[in-house]
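K.L.:
Chains A and B are the protein sequences, given in the same order. Number 248 in my numbering belongs to position 248 of the first sequence; there are no gaps in the numbering. Number 173 in my numbering belongs to position 173 of the second sequence; there are no gaps in the numbering.
There could be a bad hint or two in this list.
[Claimed, not checked] Derived Cβ-Cβ restraints for the label pairs, each shown as a range:
{"#": "1", "chain 1": "A", "residue 1": "Trp419", "chain 2": "B", "residue 2": "Asp41", "range": "46 to 54 Å"}
{"#": "2", "chain 1": "A", "residue 1": "Tyr424", "chain 2": "B", "residue 2": "Glu36", "range": "23 to 31 Å"}
{"#": "3", "chain 1": "A", "residue 1": "Asp356", "chain 2": "B", "residue 2": "Ser68", "range": "46 to 54 Å"}
{"#": "4", "chain 1": "A", "residue 1": "Trp419", "chain 2": "B", "residue 2": "Asp117", "range": "21 to 29 Å"}
{"#": "5", "chain 1": "A", "residue 1": "Gly169", "chain 2": "B", "residue 2": "Ser68", "range": "35 to 43 Å"}
{"#": "6", "chain 1": "A", "residue 1": "Phe538", "chain 2": "B", "residue 2": "Asp41", "range": "22 to 30 Å"}
{"#": "7", "chain 1": "B", "residue 1": "Phe165", "chain 2": "A", "residue 2": "Phe431", "range": "33 to 41 Å"}
{"#": "8", "chain 1": "A", "residue 1": "Phe287", "chain 2": "B", "residue 2": "Asp117", "range": "24 to 32 Å"}
{"#": "9", "chain 1": "B", "residue 1": "Leu157", "chain 2": "A", "residue 2": "Tyr365", "range": "51 to 59 Å"}
[Claimed, not checked] Pairs of lysine-lysine residues, derived as BS3-like cross-links and limited to a Cα-Cα distance of at most 27 Å, are as follows:
{"#": "10", "chain 1": "A", "residue 1": "Lys506", "chain 2": "B", "residue 2": "Lys121"}
{"#": "11", "chain 1": "A", "residue 1": "Lys485", "chain 2": "B", "residue 2": "Lys174"}
{"#": "12", "chain 1": "A", "residue 1": "Lys506", "chain 2": "B", "residue 2": "Lys170"}
{"#": "13", "chain 1": "A", "residue 1": "Lys308", "chain 2": "A", "residue 2": "Lys349"}
{"#": "14", "chain 1": "B", "residue 1": "Lys121", "chain 2": "B", "residue 2": "Lys169"}
{"#": "15", "chain 1": "B", "residue 1": "Lys169", "chain 2": "A", "residue 2": "Lys506"}
{"#": "16", "chain 1": "B", "residue 1": "Lys174", "chain 2": "A", "residue 2": "Lys506"}
None of these hints come from the bench; they were simulated from the model. Even glycine gets a Cβ: it sits at the ideal position worked out from N, Cα and C.
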Amino acid sequence: MGATWRFALLLCMVLMVSRSLANEDTGHATGSDAGTTSSPGHQTDSGHGTGEEDSSHGESGHGEEPITTLPIVSWKWHHVSTPYIVVLWVLVSWLCKIVIESNHHVTNIIPESALLICFGFVLGGIIWGADGVQTFTLTPNVFFFYLLPQIILDAGYSMPNKLFFSNMGAILIYAVIGTCWNAASLGLSLWGCHMGGAMGDLDIGLLQYLLFGSLIAAVDPVAVIAVFEQVHVNEVLFILVFGESLLNDGVTVVLFNVFDAFVSLGGPQIDAVEIIKGIVSFFVVAFGGSLVGFVFGLLISFLTRGTKNIQIIEPGFVFVLGYLSYLTAEMLSLSAILSIVFCGMCCQKYINTNMDERSVTTVRYVMKVLANGSETIIFVFLGISAIDKTIWVWNTGFILLTLFFIFIYRFIGVFFLTWILNRYRLVRVEFIDQLIMSYGGLRGAVAYGLATMLDENKIKEKNLMVCTSLIVVYFTVILQGITMKPLVNWLKVKRAAVTDITLVEKLQNKVFDHMLVAIEDISGQIGHNYMRDKWNQFEEKWMSRILMKPSARKSRDYVFNVFHKLNLKDAMSYVAEGERRGSLEFIRNETAIIDFKKKFGDDFSDVMPDITADTSDDHGAMSSMRRDTVPSISLEMHEQTMNGMRESEDINTHHLLQQHLYKGRKQHRHRYSRSHFDTNKDENEVQEIFQRTMRSRLESFKSTKMGVAPPKAISKHPKKDQQQKMPNGKSRDKSKTNYSGDEDFEFSEGDNASGYEASGHSFPMRVTYRAGAGIENPAFMPDLDPLAPVQTHPWLSELELDSSRVAPSQRAQVRLPRGPSDLRRLAPPRISTRSDDSFLQADVPLTPPPPATPAPPPYHYDGSM
Amino acid sequence: MGSSSSSMENIPNAERLMQETGFSAAHILNLYERFEFLDRDERGELRPEDFGALRELAMNPIGDRIISAFFRPGMETVDFPSFVRVLANFRPTETNRARDYSRIRKLRFAFQLYDQDSDGKISREELLQVLRSMLGTQVTEEQLQSIAERAIQEADLDQDDAISFDEFKKSLEKVNIEQKMSICSLR
Numbered sequence: 001m002g003a004t005w006r007f008a009l010l011l012c013m014v015l016m017v018s019r020s021l022a023n024e025d026t027g028h029a030t031g032s033d034a035g036t037t038s039s040p041g042h043q044t045d046s047g048h049g050t051g052e053e054d055s056s057h058g059e060s061g062h063g064e065e066p067i068t069t070l071p072i073v074s075w076k077w078h079h080v081s082t083p084y085i086v087v088l089w090v091l092v093s094w095l096c097k098i099v100i101e102s103n104h105h106v107t108n109i110i111p112e113s114a115l116l117i118c119f120g121f122v123l124g125g126i127i128w129g130a131d132g133v134q135t136f137t138l139t140p141n142v143f144f145f146y147l148l149p150q151i152i153l154d155a156g157y158s159m160p161n162k163l164f165f166s167n168m169g170a171i172l173i174y175a176v177i178g179t180c181w182n183a184a185s186l187g188l189s190l191w192g193c194h195m196g197g198a199m200g201d202l203d204i205g206l207l208q209y210l211l212f213g214s215l216i217a218a219v220d221p222v223a224v225i226a227v228f229e230q231v232h233v234n235e236v237l238f239i240l241v242f243g244e245s246l247l248n249d250g251v252t253v254v255l256f257n258v259f260d261a262f263v264s265l266g267g268p269q270i271d272a273v274e275i276i277k278g279i280v281s282f283f284v285v286a287f288g289g290s291l292v293g294f295v296f297g298l299l300i301s302f303l304t305r306g307t308k309n310i311q312i313i314e315p316g317f318v319f320v321l322g323y324l325s326y327l328t329a330e331m332l333s334l335s336a337i338l339s340i341v342f343c344g345m346c347c348q349k350y351i352n353t354n355m356d357e358r359s360v361t362t363v364r365y366v367m368k369v370l371a372n373g374s375e376t377i378i379f380v381f382l383g384i385s386a387i388d389k390t391i392w393v394w395n396t397g398f399i400l401l402t403l404f405f406i407f408i409y410r411f412i413g414v415f416f417l418t419w420i421l422n423r424y425r426l427v428r429v430e431f432i433d434q435l436i437m438s439y440g441g442l443r444g445a446v447a448y449g450l451a452t453m454l455d456e457n458k459i460k461e462k463n464l465m466v467c468t469s470l471i472v473v474y475f476t477v478i479l480q481g482i483t484m485k486p487l488v489n490w491l492k493v494k495r496a497a498v499t500d501i502t503l504v505e506k507l508q509n510k511v512f513d514h515m516l517v518a519i520e521d522i523s524g525q526i527g528h529n530y531m532r533d534k535w536n537q538f539e540e541k542w543m544s545r546i547l548m549k550p551s552a553r554k555s556r557d558y559v560f561n562v563f564h565k566l567n568l569k570d571a572m573s574y575v576a577e578g579e580r581r582g583s584l585e586f587i588r589n590e591t592a593i594i595d596f597k598k599k600f601g602d603d604f605s606d607v608m609p610d611i612t613a614d615t616s617d618d619h620g621a622m623s624s625m626r627r628d629t630v631p632s633i634s635l636e637m638h639e640q641t642m643n644g645m646r647e648s649e650d651i652n653t654h655h656l657l658q659q660h661l662y663k664g665r666k667q668h669r670h671r672y673s674r675s676h677f678d679t680n681k682d683e684n685e686v687q688e689i690f691q692r693t694m695r696s697r698l699e700s701f702k703s704t705k706m707g708v709a710p711p712k713a714i715s716k717h718p719k720k721d722q723q724q725k726m727p728n729g730k731s732r733d734k735s736k737t738n739y740s741g742d743e744d745f746e747f748s749e750g751d752n753a754s755g756y757e758a759s760g761h762s763f764p765m766r767v768t769y770r771a772g773a774g775i776e777n778p779a780f781m782p783d784l785d786p787l788a789p790v791q792t793h794p795w796l797s798e799l800e801l802d803s804s805r806v807a808p809s810q811r812a813q814v815r816l817p818r819g820p821s822d823l824r825r826l827a828p829p830r831i832s833t834r835s836d837d838s839f840l841q842a843d844v845p846l847t848p849p850p851p852a853t854p855a856p857p858p859y860h861y862d863g864s865m
Numbered sequence: 001m002g003s004s005s006s007s008m009e010n011i012p013n014a015e016r017l018m019q020e021t022g023f024s025a026a027h028i029l030n031l032y033e034r035f036e037f038l039d040r041d042e043r044g045e046l047r048p049e050d051f052g053a054l055r056e057l058a059m060n061p062i063g064d065r066i067i068s069a070f071f072r073p074g075m076e077t078v079d080f081p082s083f084v085r086v087l088a089n090f091r092p093t094e095t096n097r098a099r100d101y102s103r104i105r106k107l108r109f110a111f112q113l114y115d116q117d118s119d120g121k122i123s124r125e126e127l128l129q130v131l132r133s134m135l136g137t138q139v140t141e142e143q144l145q146s147i148a149e150r151a152i153q154e155a156d157l158d159q160d161d162a163i164s165f166d167e168f169k170k171s172l173e174k175v176n177i178e179q180k181m182s183i184c185s186l187r
């Protein structure tokens with residue numbers, strides 16, 4: 001329903017735009033090639049009530065015509081037309097995305113990028129129908145200056161550096177040699193076929209074929225990431241594809257420029273010297289671009305050292321300087337794409353430590369907004385551009401052969417290069433990975449952008465090339481994009497039949513993950529670690545010193561020790577919070593609540609009618625917040641209540657384990673996604689683990705200390721550390737404490753506001769259920785035992801005091817007597833190992849033993865609900 | 001190579017270690033460097049605290065268990081040969097012949113992570129401890145109990161309410177241990 005409504009709105013919007021564009025002329029950004037098409041635009045007259053200035057540009061804001069009287073309001077379309085249209089288009093594209101994303105069962109099958117292109121077709125059709133000519137197309141200028149940079153910057157900024165550099169060799173080989181191979185083989189083969197007469201009468205020479213080959217050679221990061229982010233592949237494969245697609249964009253632009261120059265020079269003038277020059281320029285452009293990016297990255301890092309007092313615009317520097325590095329490289333005719341990639345990669349580490357935590361979050365989010373937004377626009381416009389009669393020049397031979405060769409040579413190139421690489425690589429690229437990598441050779445907007453940049457005077461068949469590149473883009477993005485997921489799934493299934501996995505296996509697989517990570521950490525990255533060691537030393541000694549805030553640097557070094565010693569309190573609060581969260585987690589589940597209510601109603605309704613009413617209120621409030629509950633789980637739960645059979649319980653247990661197992665570091669390291677920003681959860685999780693570890697260590701430390709004759713070696717060491725670091729460590733630690741507490745809070749806030757289903761959901765529960773804080777997660781009870789209750793309770797109630805400020809004594813009274821054992825006693829006995837148990841426990845305190853005590857005030861309504 | 005061979009001589013029993021574990025000289029050397037790096041007090045042996053100084057390990061839910069797996073029961077320290085021997089569990093094996101043996105060795109290592117009292121059985125309590133450290137805080141004790149219950153039921157063939165090594169091995173029959181427990185850089 002919502003989708004259709006939105007679609008109607010969208011259509012209105014589009015019609016409005018296309019109507020208004022009748023009035024429009026060359027000024028707007030998306031139509032800077034409209035010089036040829038603007039004159040027909042004027043013929044369709046629309047009824048905007050102002051005087052039509054026939055000036056060809058939108059500069060007519062202030063009345064050229066003498067006014068006779070003071071206008072109260074006036075219609076100034078031309079005054080705003082350019083930005084207005086741009087913004088409208090952005091809006092329209094994003095609306096398309098809303099429509100698409102509202103149907104998840106469709107996006108599960110067809111990738112979003114393909115759907116966006118299809119939407120583009122529709123929009124283009126509407127415009128074409130209204131105007132009889134395609135007024136809006138994606139122009140190279142707009143694409144390369146306003147749409148591409150932020151995507152690449154985002155990719156560079158969120159690049160997993162360690163992974164990238166450890167696979168650097170392979171990525172470079174794929175990106176440079178692979179791209180050259182693609183370009184050369186395609187150009188030569190097409191030329192050969194042309195010579196053989198396969199495509200009729202075409203005015204294309206060898207050089208022009210090579211030029212065409214080079215523009216279409218590059219795998220496009222936009223398209224590739226859009227598809228690969230939905231398909232979860234292993235991290236090596238991911239970084240190979242990701243890195244390759246990023247770098248070979250740069251390479252292909254360079255190659256394109258070289259061949260473009262060759263074409264301008266003309267065949268006869270190209271001799272050995274020119275070719276050598278071409279090769280030299282290739283490397284100069286590529287490495288020069290990277291260098292520019294590197295310099296700008298360092299500049300950003302350096303600048304963020306000093307932005308403590310202007311924290312508000314701190315994040316802006318990243319974007320401004322990033323863009324500047326792109327423009328600078330462009331100005332120097334170096335590779336702008338490579339420049340901005342390396343800029344993002346260099347600065348990420350330093351700015352993340354230099355800037356305030358909030359600024360870092362801002363940078364990340366804004367980066368995603370920009371990148372994802374412009375990606376959407378690009379795809380929509382790729383679709384729109386297709387609906388244009390002028391570019392459609394059909395030549396069956398040329399187009400089909402191009403498609404065929406691209407596909408084949410991609411496979412040959414990848415397999416050959418991998419074969420060579422595998423002889424030197426420690427981590428072999430498996431056959432299946434090679435297959436996916438070849439198949440993932442999606443072409444995208446870069447190819448189209450470059451094709452439209454061709455000079456029609458030099459290349460007679462420009463339109464054929466544009467048209468072919470569009471077809472290639474559609475073919476790869478739509479067809480290969482759609483088939484990619486089934487293919488990956490199919491191959492995966494073949495590789496490891498994961499259908500009937502036991503609990504032990506499941507657990508053990510995770511244990512393996514963690515174990516490997518730990519062993520890698522212990523053994524250090526052996527292999528190419530010499531270079532890395534040297535680099536790290538250099539980095540530590542010079543770059544960090546120059547580029548990082550002294551405070552940030554120190555806290556990085558000592559954070560471990562200081563945290564260890566002084567953050568017990570913080571960890572405890574975290575745990576206390578975890579208890580609250582843990583025991584209340586399953587309230588999320590609506591079915592559970594309904595079921596609960598049913599049961600509860602049966603059991604208690606006659607006794608305490610008002611409580612049931614309360615729960616229902618509560619339920620309503622909550623369900624509005626938790627609409628994105630995982631449906632499957634509620635289904636299972638429901639099933640369970642229906643029959644309580646062993647099988648369903650089994651499923652439930654599996655599901656539970658699946659959902660809550662900590663992820664190994666390996667698993668989430670590679671998850672780059674342009675449209676989802678889910679690192680928060682991971683960070684929280686890491687912190688959770690960290691604090692748990694710290695706590696247990698501290699306890700063991702304590703117990704050894706309190707026990708008989710502590711081993712001297714053990715107690716001496718940390719003490720020394722502590723004394724050393726106390727003086728200058730104190731303030732830092734304070735900030736650290738704040739940081740961790742704050743972070744938790746803020747992330748959850750943000751998550752809720754934006755509807756992410758990360759861990760943040762539990763936060764409102766925590767706030768609301770402050771009063772019920774005494775419910776302790778039994779999971780922690782055994783751990784808590786060594787700490788004497790004398791120690792815990794005053795502190796906990798102190799926290800209560802702090803956090804609630806309302807009637808503390810009463811609350812403490814209510815709270816303290818409740819232990820898990822009480823709760824279990826209160827809970828209906830027949831439900832034992834059920835997962836909604838926690839829910840029952842959580843709410844049971846609300847129903848006091850019937851007659852004796854008055855019901856405690858429903859504290860949990862004093863929160864934000 | 002000159003420098004490497006000279007420092008090779010600093011390593012006690014390097015030759016024997018290489019034979020025993022199958023590591024190459026370069027690996028041994030690398031591991032020795034790592035060992036020295038971890039051994040900040042330069043006493044030629046590592047204590048649990050030395051491992052604990054690796055920040056990443058603190059982020060690892062079973063980090064502590066892995067650390068303690070390096071120490072033989074009752075020992076407070078681990079010397080270089082034992083260190084290498086433990087790490088050798090994670091070598092990928094080249095030949096099929098060695099694979100069966102290495103699989104058992106790898107599984108032994110994994111098993112002993114659970115079996116903290118080394119009685120050859122994973123009791124329910126031991127499994128619970130691992131689960132407790134592996135699962136997020138969202139899971140309640142009852143749920144943990146039920147998971148442990150099911151896991152033991154699944155694997156427990158002789159109905160003694162614990163998982164012996166054979167049962168453990170059996171329940172992981174389908175898992176590609178070779179792939180899951182190998183680190184390529186240790187090849």
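K.L.:
Each of the hints needs a verdict: does it hold here or not?
P.N.:
Hint-by-hint comparison with the structure:
The hinted window of 46 to 54 Å between A:Trp419 and B:Asp41 holds, with their beta carbons roughly 48 Å apart. For the pair A:Tyr424 and B:Glu36, the supplied restraint of 23 to 31 Å holds, since their beta-carbon distance comes to about 28 Å. Restraint check, A:Asp356 to B:Ser68: a C-beta distance of roughly 39 Å breaks the suggested window 46 to 54 Å. In this structure, A:Trp419 and B:Asp117 break the distance hint of 21 to 29 Å, their C-beta atoms being roughly 50 Å apart.
With their beta carbons about 37 Å apart, A:Gly169 and B:Ser68 fall inside the hinted range of 35 to 43 Å. Taking the beta carbon of each, A:Phe538 and B:Asp41 are about 26 Å apart, inside 22 to 30 Å as hinted. The beta-carbon spacing between B:Phe165 and A:Phe431, approximately 35 Å, falls within the hinted interval of 33 to 41 Å. For the hinted restraint 24 to 32 Å between A:Phe287 and B:Asp117, the CB-CB distance of approximately 60 Å leaves it violated.
Between B:Leu157 and A:Tyr365 the beta carbon distance is about 52 Å. The supplied range of 51 to 59 Å therefore holds. The hinted pair formed by A:Lys506 and B:Lys121 meets the criterion: a straight-line CA distance of about 19 Å does not exceed 27 Å. Proposed proximity of A:Lys485 and B:Lys174 is supported: the alpha carbons are some 25 Å apart, at most 27 Å. Taken as a hint, the A:Lys506 and B:Lys170 pair is honoured in the structure, with Cα atoms around 14 Å apart against an allowance of 27 Å.
About 17 Å separates the Cα atoms of A:Lys308 and A:Lys349, which keeps this hinted pair within 27 Å; it holds. Annotation: proposed proximity of B:Lys121 to B:Lys169 holds, straight-line Cα distance about 12 Å (limit 27 Å). With a CA separation close to 14 Å, the supplied pair B:Lys169 and A:Lys506 stays within the 27 Å bound. For the suggested pair B:Lys174 and A:Lys506, the alpha carbons sit about 11 Å apart, so the restraint of at most 27 Å is met.
In this structure, the hints that do not hold are numbers 3, 4, 8, in rising order.
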